[in-house]
Amino acid sequence: MDTPTTKAWTFTKPGEPSEVLTLDTAYPKPDFPPQLPIPKAVEHLLAEEWILIRVAYAGLNHGTSFYLRVLPAWARKAGPVVPELDFSGVVEDVWDPSSDGNKKPRLAKGDAVCGFIPVSFAWPTGTGALQG
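Numbered continuously in this note's numbering, the sequence shown closes out at residue 132.
Here are the simulated DSS-like cross-link-like pairs (lysine-lysine), alpha carbons at most 25 angstroms apart as the crow flies: (1) K77 / K13; (2) K40 / K13; (3) K77 / K29; (4) K29 / K109; (5) K7 / K77.
Note that these hints are calculated values from the structure, not bench results.
Make the full structure from the sequences, and use the hints.
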């Protein structure tokens, strides 16, 4: 079975964004629903509704530029990391681990959204908004 892929800007070492960001045209899409166990640092999020977004727009902001330049490897996920936190796009899928199927989700496939990926999730998982 082929792994679904997406485009993503990634980095593996600190440096200036123009020097360390690489466009990966076959980056693996996030598992959805997420594969268990998820990293301990984000396991508290299992009680929340999860959404998969096809990102339409994301910008490289000043905070992320700082993150790219100075965050040491031990403070982030090993391997390729997708940076950025702010995004807008369209809901591709919704998963609620606590739902028995009778609860209506807050968002539905096709909804236009904008949002922010919490740093407490992005840094330990390497998941960012510069993909989609």
